[in-house]
Structures are given as structure tokens and as C-alpha cells.
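Colleague: Respectively, the protein sequence lines represent chains A and C. Residues in the first sequence are numbered from 1 upward in steps of one, following this note's numbering. Residues in the second sequence are numbered from 1001 upward in steps of one, following this note's numbering.
By construction, these hints were calculated from the structure, which means they are not laboratory data. If a hint is listed, it holds; no wrong ones were tucked in.
Mimicking BS3-like on lysine-lysine, the simulated pairs with C-alpha atoms at most 25 Å apart in a straight line are:
1. A/Lys495 with C/Lys1158
2. A/Lys409 with C/Lys1361
3. A/Lys202 with A/Lys130
4. A/Lys103 with A/Lys182
5. A/Lys504 with A/Lys103
6. C/Lys1439 with C/Lys1342
7. C/Lys1463 with C/Lys1391
8. A/Lys235 with A/Lys416
9. A/Lys202 with A/Lys41
10. C/Lys1514 with C/Lys1463
11. A/Lys504 with C/Lys1046
12. C/Lys1046 with C/Lys1104
13. A/Lys504 with C/Lys1158
14. A/Lys182 with C/Lys1158
15. C/Lys1439 with C/Lys1384
16. A/Lys479 with C/Lys1158
17. A/Lys495 with C/Lys1046
18. C/Lys1443 with C/Lys1342
19. A/Lys495 with A/Lys167
20. C/Lys1311 with C/Lys1433
21. C/Lys1158 with A/Lys103
22. C/Lys1439 with C/Lys1514
No experiment lies behind these values; they were computed from the predicted model shown.
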Amino acid sequence: MKKIFIGALLIGLVAGLGSCNKWLELKPQDGIVGNEFWNTKEQVQAAVTGIYSSMQASTSGDRALPEYFFLWGEARADMVAPGFRADQDEQDMVNLNMVATNKYVNWRSFYQTINYCNTVLQLAPGVLQKDPTFSQVQLDQAVGQALSIRALMYFYLVRSFGEVPLKLDATLSDQNIVSIPKSSRDTVLNQIVSDLTSAETKLPLSYGNITTDKGRVTRFAVNAMLADVYLWMDKYTEAVAQCDKVINSGQFGLVNAAVYFNNVFFNGNSSEGIFELQYDVQRLNPFFNMHTPQNRRWGAAQHLTDEVYGVDATNATPIFDVRGDLTSYRGTDFTIWKYVGADINGDNVRSPDQSFANWIFYRYADILLMKAEAINQLDQPLEASRIVKTVRNRAVIGLNTQQNAVDLKTMDSTSKGGMTLFILEERQREFAFEGKRWYDVLRHAKRNNYQQLNLLLNMAAVSISGERRQAAFNKLRDKNSHYFPIYFYEIQTNKLLEQNPFYK
Amino acid sequence: MMNKITTWICLFAIVVVAGIYLAGCKKQDITFNTTNDVNIVGYLDKNIDSFSLFRQILDRTETSSFLNAYGAYTCFAPTNSGVTTWLASVGAPSVEAADLNTLKELVKFHLLVDTVGTGSFTDGKLPVATMQGQFLITGVSVVGSQASYSVNRQALVKQSNIRVGNGLIHVIDNVLMPAKVTIAKQLEANPDYSIFVQALRETGYYDMLNTVDQDTAKRWKTVIAETNKALRDSGITSYAALKARYSNTGNPANALDSLNLYVAYHILDGIKFLGDIITAPSHLTLQPQEVISVQLINQEVVVNEDVFDEKVEPGILLIRNTSDNSATNGVWHTANAHFAAKFRKPTALYWDVAAFDEIRKLTAYYRKQSYPFTKQNEADRPIKDIDWEYKDASRTQTYEFSSSGSVTNFANNQDVFTIAMGPPNRSAWVEFKTPVIIKGRYKVWVCYRVRTGSGTVSSCDVKINGETMQRPVNFTEFRPAGSDAELESLGWKRYIENTSGNFTSRMVGIVDIKTTERHTFRLEPKSGSGAVTHIDMVHFIPIDENQILPRFRPDGTKIFM
Chain A
1 MKKIFIGALL
11 IGLVAGLGSC
21 NKWLELKPQD
31 GIVGNEFWNT
41 KEQVQAAVTG
51 IYSSMQASTS
61 GDRALPEYFF
71 LWGEARADMV
81 APGFRADQDE
91 QDMVNLNMVA
101 TNKYVNWRSF
111 YQTINYCNTV
121 LQLAPGVLQK
131 DPTFSQVQLD
141 QAVGQALSIR
151 ALMYFYLVRS
161 FGEVPLKLDA
171 TLSDQNIVSI
181 PKSSRDTVLN
191 QIVSDLTSAE
201 TKLPLSYGNI
211 TTDKGRVTRF
221 AVNAMLADVY
231 LWMDKYTEAV
241 AQCDKVINSG
251 QFGLVNAAVY
261 FNNVFFNGNS
271 SEGIFELQYD
281 VQRLNPFFNM
291 HTPQNRRWGA
301 AQHLTDEVYG
311 VDATNATPIF
321 DVRGDLTSYR
331 GTDFTIWKYV
341 GADINGDNVR
351 SPDQSFANWI
361 FYRYADILLM
371 KAEAINQLDQ
381 PLEASRIVKT
391 VRNRAVIGLN
401 TQQNAVDLKT
411 MDSTSKGGMT
421 LFILEERQRE
431 FAFEGKRWYD
441 VLRHAKRNNY
451 QQLNLLLNMA
461 AVSISGERRQ
471 AAFNKLRDKN
481 SHYFPIYFYE
491 IQTNKLLEQN
501 PFYK
Chain C
1001 MMNKITTWIC
1011 LFAIVVVAGI
1021 YLAGCKKQDI
1031 TFNTTNDVNI
1041 VGYLDKNIDS
1051 FSLFRQILDR
1061 TETSSFLNAY
1071 GAYTCFAPTN
1081 SGVTTWLASV
1091 GAPSVEAADL
1101 NTLKELVKFH
1111 LLVDTVGTGS
1121 FTDGKLPVAT
1131 MQGQFLITGV
1141 SVVGSQASYS
1151 VNRQALVKQS
1161 NIRVGNGLIH
1171 VIDNVLMPAK
1181 VTIAKQLEAN
1191 PDYSIFVQAL
1201 RETGYYDMLN
1211 TVDQDTAKRW
1221 KTVIAETNKA
1231 LRDSGITSYA
1241 ALKARYSNTG
1251 NPANALDSLN
1261 LYVAYHILDG
1271 IKFLGDIITA
1281 PSHLTLQPQE
1291 VISVQLINQE
1301 VVVNEDVFDE
1311 KVEPGILLIR
1321 NTSDNSATNG
1331 VWHTANAHFA
1341 AKFRKPTALY
1351 WDVAAFDEIR
1361 KLTAYYRKQS
1371 YPFTKQNEAD
1381 RPIKDIDWEY
1391 KDASRTQTYE
1401 FSSSGSVTNF
1411 ANNQDVFTIA
1421 MGPPNRSAWV
1431 EFKTPVIIKG
1441 RYKVWVCYRV
1451 RTGSGTVSSC
1461 DVKINGETMQ
1471 RPVNFTEFRP
1481 AGSDAELESL
1491 GWKRYIENTS
1501 GNFTSRMVGI
1511 VDIKTTERHT
1521 FRLEPKSGSG
1531 AVTHIDMVHF
1541 IPIDENQILP
1551 RFRPDGTKIF
1561 M
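With the sequences and hints as input, model every part of the structure.
Modeller: Next comes the structure, spelled out in C-alpha cells:
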């Protein structure tokens, strides 16, 4: 009897422990932990997709990156005017009244995307041993994309903040949180160049279908980024070489004026697109609540019609720059049309669930104008003027070599100085609201040790209200003011960070 | 034996109890403060190395405890080197040796009773006055290649927006000195203004500009002074010459003397730095009913550049580096040229209501097709010079053009401004800013395209600068039959070339325009709530001029028959 009892007890104990197996398990049952991930090639691909996804919308409740791309590139420049829903921090940005508490200088989403890239760079190579179907080519593609997007993020940061912390390894767990100080501009820029150079050889020219080619980083996208970086570093020969790789490939062309708005901006992924952040019904862009007339945080500046695109008063049938009214903006109420417009008559705005215009990082016109800018700096203004003319010819419906977009002033193809300004203005017309204007002007202003500082002042004269203008001029004369302050939270949490000089 | 053990136990117990008791006595760490943030004085104490002298000043003037209490202040805290420089300039070896009253004034001049961050700094004065009473002006100046905020042109901000428990601190590198003398004394001290100052004296304005009224509502004045050079450029080399040119009664102290008026035209009420001057299009001067108009053209503050009769009259500049001079009772600026109020004869204004800047810029629409203007919310201003009560975004006001349609075919420029007004669903008012009207007495004619039908506004008050005109307009009413003279006597006229009765002009009354500037013209419907009230023009015609001619043609030209 006693034996039976003991036996039953033992059986019960064993059974109980057996069933306890799951119960004592510490791993989450509804997710995947780190050391179970990074085993198959599908997981590597998912991680790479995650990088793009983190750019489309924040994973931590922050604003989506394109909102920062737009604000950082446009708010301080002369193409936009704050609308009635712009908040105080946005107004302060327009007035160059930056302080460290301005929420729009928070860079955490950039570093989040950088961390996703670092994670792929650090862990993807290990999958090569674990998954025999994962090839070296596929690994190269994953690494190449991570390298180039990390470089792109740092390029935004270095242009906006000057000096930034350079974090090149992944923060995988809480043990890996370290404070790091800022690196110099040159260190960051050199890292960007070396990352992009090594990414270039790893990436394919095409992934096999149009959407992927425009939405993922291809070798051409890396060439475009490199050209942009070299221009920023005043390395013109190198920039030309990168542009030529794209131009000579014959894979891209300028979209005809008649379908310019529809193909390039409304549908996206046109033959002109090189790298575009993809949005669709499932992933909407942040622009509906920024630009539509009822929700306007940002509108177009009022001087665009008269002073940027020009009005043709001489020809019987006026020549009309298609890049201006009803493509970039709607002239009747100065709505930014590129992202929220639904037709070229100015009648319909995209509905909230249709707000999925892509954010265009680089397109072919950019390559052409970057090349023009570089060869002009290499003392070939005539060659540069030919490229600019190609871009201008495209801007008129009914292509005709005699025709041009409205000429506000004559293009002087004999003078390097004249062409420099003309190219800058052409970029202003071509890339209105594409988050490039401030960086374009700053790049021109800082060239040859801030020889053209007045370009920034001229811009402030347009965009800043009268009673604050003199103060803004004097701020701009201090070159440290061209870069943002570091967000106060970062300064508080990272004791090694030092606030940027203008904001101490 | 037992006793001994008991004693030991007792002793032990006592020790233990005492030990527990003593341990219990250890002071507990309880936080009594709601916050550890320091107040202004606390911050200075924390950084005493830089602020020991300013701290001494606060102690000496007995303001430390006041600044350590809760409140909302902005303190401009000068560093030690700044205070040392100031002490040297007043010849005091130490804070103790400085004059107590001066110190008290000084401390008050560094304090604002509000928190004002650098975000509120403009090119003009700060929004609140210092506790001393005078305003501080701000700006940004560049030293070497480094830009920093400047305060009162005396100090640079070294560290800004330091948030403490009771406000904000801006660290400055120099002591701020309140102005000690009046506008009159400052101008007098500068020989470049001798002729102007003598004119001030002779006309009696010198005394006004030399007093500091205790009532701050009356204290402040703004003077636009003319240098001797500016006067010389206009051929006036001495006060005698100035008097000879202007004084018509021979007694400049007489308020009706033209020299007196000339000086009065250079004085504005209130304290207006350049940054403040440019925020309003015109400012009333002390010369009765005369204004200066102000514009910002190419970064220059330009006074009196106006369009009269379609001609631009060039204005004069205020020179930035010799303007914005603070005094105890105001501020003074320098004009680059001689100027005075111009005598202008009242001139008729034929105002095309449908030709405002916003529509002219829309080259695809202006004089080509109609365009509705939407007001998205209360604050939205789709047209700078026309505003209307916001009902909802679907209620638009329309620029209407058609060369063939009967609504506009005979109108001036073949366009009208079509207004949707009338409560409850449409705007209860629509307000326009007129072009510049020269002061004088005018008959006001509202020129409209008749629209009958239910709901059309049949009685509408016209208000000019808030004053209701004698007769309301009925936008459904046709022009009666009769000759021009008969019609005029009834308050009607035909303002277009075509004789169609659809287009007609109604006199709403006579208005006294008191100043030469832009005025407000407001429509307030009293009955009717229709969507289509078509206004083409408004005429302001001096009462003694021909009221009927010119008439207007569809191409916008005038005819005099």
C-alpha cells in the first residue's frame, strides 16, 4: 500500500515537472528573441526591409523621417511659409530662432535607423554559416543597403548639425549603451564616403523590377549619394565621375513636361526616379496633415510665382514653366501641391487615405544639375550651361529646342560666377519642396571659405518678417548658426556631448 | 546568583532599548521642497565665481530676498568682468563704494516682470518694460565671426534662456545702463542736429521732449530728427533759412504756424523703435491729422513712399546706425533727407475692388476666369486687404470674370468681386482696406451689378472707419430713369460706358477722411443672405468735383462723356 502510494506520488511529481516545462520557460511565446533570429536568409531580408520601414514611419512614436527631411531642408529657406497650424517651434525655425529645446531638432529617429543598419552590418555575416542557401551575393546586397542608408542618415546629420556622434556598431541590448562624443565633420564625411564606396561594389544595378529598383538602394542610388557628398566636400572631379556613371548607364531620362507631375510626383517611381522612399495605401506619408489647405502647417512662399518661376508677359501664348504653378504648388492659395495634389488642374487634393506620394531622395534631374554644378566649378561654364538647358527645355510643354522655361534672366554661359548662381536658381525651381533648398544654398554659401555668405542673407530677406530680419542677418553672419543645436535631451543623457558653439 | 543574572538581563535590556531608541532618533531624510530648482539668486550663488559682484549689488540694494521668492522674472545678469568695467567707468573702487541709488536703478533696469526668452527678441524693443521703466532693445551683433544677441547695444548675451524656479536668466557681458537724459538733451548734445534742435526750441517742442512724464501712458515720444546735412541737401543751411521757408505767421510757437507743424510732423506719440515702426503701415504724427506711411524696402525703413494718382512718390530713409537711440522719455531716429507733410488737394479715387494683389498675381485667372477665395478658418487671410467673417470653409468670396456673361460684360475690366454675405449662414460683414485716400470730404459711390431674386442683400450698411454712412445700399435696386443731373440729385449715377441699367452706382453719403492713408471700408448686410452681391468699384470723389464723369469701359479705360 505504502509502495503504491510512493509510486503514485513519484509519477505525479514527474508528470507535474514535465508539464512545468513550458511554464518555467522564460522566452516570450509571442515573439522572437535575438539568438533565434539571424539564422536564415529570410530573416536577413526582413531586417533589411525593416531599415526602409523605419524611414517610412517611426517605430517609437516619433515623426516620420520625411517630415524631418522636409523641415530641415525647407523651413529655414525661402520656398515655404508657415501655415496657420504651424506651431511655435516651427515658427522659430523659420525665424532662425533656434534653441536646444526645439522639438524639431531631435535626431533620435535618425539614430534609430542607423542602429537598424548597424544591426544588419554586425549580424548578417554570421548567417552565412547557418543558412547554406544564403549566398555571398545576397549578403553583399544586404550589407550594401545597410551601409548606404547609414551613410545617407549621417549625411543628413552632418549637414544639419555639423559635428555628430559617429556610432558604427549596433546597440543590441542595454549593456551596449555607451556615451560617445561628437566626431569632427571630416571624420563623419570620410566615413560616409568610405561606406558608400564599399557599398557601391556590393550592390546590383537592378533588382529586377521597377518598384524595387526605385525603392531600394541600387548602385545608381549610391552614385547619386556619392556625387552629392563629394559636392558638399568640394571634390568636383569625383562628383562628376559619379554623375557620369548614372548618365552613361542610359537607364534614366527626364520625364516629358506634359506628364511631369503625374509620373514623377503623383504616381512616383518614374523613369527619372533613382531612389524614392515608397509609400502606398498601407503606409501613408505624413504630408496630408502638413500641406492640405484645411490642415496647413506649411504652404508655398508668395514670391514663387513672380520671382522664382516667372510670368511670361511677352508672348501671345505665354510660356509656362510646368515645374511651378500646379506642380510644385497651387498658385491660387499657395498650397504645396507636389505631395498633396491629385491633378494638374488644381481642383482636387488627395484624400487622407490616398496620401502616399513618395519622398524622392534623388532623381535624374538632380544628377544632371549636380554634374552641371561640378563642371562649372571646374571652369567649364559652357558645358554646364548645356546641361542646364536640357533641364530647362524639359520644363515646357511641347518640347522645342528654341523654347525654354520663362527666362527671368539670361543665362551667361561664359562666366563661372554667373553660371553658379543660375544653377542654384535652377535647382530651386526643379527641386521645390524636396528638402534640398537649405542645403543647396548653404553648400554654395560655404564654398571657398564662405565667400558667398550673402546667398544665405538674401534668402533670409525673403523669408523672415521685417521686425526680425536684422537680427537674422547678424546670426547668419556667424557660420556656427548654420547648424542646428543638439536637442537638450541628448545633452542631458549623454554627458560626453557638447552643445554646438552657437547655442552655448 | 539569580539576582545577578536578573541585573545583567536588565542592564542588557536597557542598553538594547536605549540603542533602539537612539537609532530611532537618527534624522530621517524627508524632502520638504517640491523642487530642487534654484531661483535666480540661487543660480548666482551656484555660479558665484562669475557673479560675485552682481550678487553683492543685489545684497547692497536689498533685492536678493525679493529675487529669491517665487514669481516670473527675466534677469539680465552681468558677469564680474562687466561689473568691474562699469565700476571703473563710474570711478568706484568697489560695489560698496558705488552710489546706492544708482545701484538700485541699475538692478531694476536688469529685471523684467515676465519671462522673456530669446525667442521674443526682435530688432526692436522687448515686449515688456524693465522694472526701471525704460524699455530694452535687442538685436544680434557679430563680433569677429561670432554672432550673439545684444541688449541695449551695451551688452552681449553670453548664455541665454537659463531656466530657474522663478524665471529666466540671460548672462550678459556688460552692465546695462539706463538712458539718463531726454530726447531733447541727446539731440542737443550732438552738433549734427543743431538746426533741428533750434527749431524744436523755437516751436516749444523742446520742453515737451525734455520732460519725463510720470504717467507712462504719456511719457513716451518718438522723434525723427533731421541732420544739418539733410537740411543742407535741401538748401537749408541755417535755422534762419528753415524759418524763412516754413514760418508763415512769423511766430513758430503758434500751433498754426507752418514751422510748428513741420516740427510736429517729426514727432510720434509712443515709443517706436525701427522694429516697431515697420510693423504698422502708418503712424499718426503730432501734426493734426497727418500720418507718416512706412514700408520696408530692401531692408531699409522708408517713410512716405506712396502711390498717388498712379505715380510713385519716392520716400526718405531712416538711417539704421543713427536710429533707435533710447532716451529717458522715448527714442529718436535719423532721416536721411529733409521731409515735411505735403499739402495735397483731395483727389478722386476710383477704386476697382476686384483688382487686389492676390488675384493680379494669378495670371491664369486675372481678367481670364473666375476664382473663389476660401477662408479656411478664423485666422486665415486668403486676401491680405479683404477680410470677412468666417462661417465655414465652403463659404467663398469670388473674383468673377467673363467677357460675355451678363454679370460682368459691361463692368470695369469685365470683372466684379462677388460677395456671399448675410447671416445666419454667410458672413455678417466683409471688410476692405482702401487704397490711400487723401484727407478731405468725399462723396462715396458704391458701384454694383444689380441682382434680383430672393435672398439678395436688399439693405446693406456701409461703414468707413467704423462710421456708418448715411444711406444703406440695396443691391437689388436698378437705377431709375432720368438724366444724369436728375439722377445725381437722387444719389444715382451711371458709372460705365454702357447704358445698361444692370450696372449702377449709388451714393451712400459724404465722408470726412481725416488722415491721408489707407482706410477701412466695411459692408454689413441688414436684410438678405444671398450668395451673389456683385461689387465692381467704389468711388471717393471730392464733394466739389464732378461726380458723374469719368465713366469706365469694359477694358478698364476712362471716358469723359
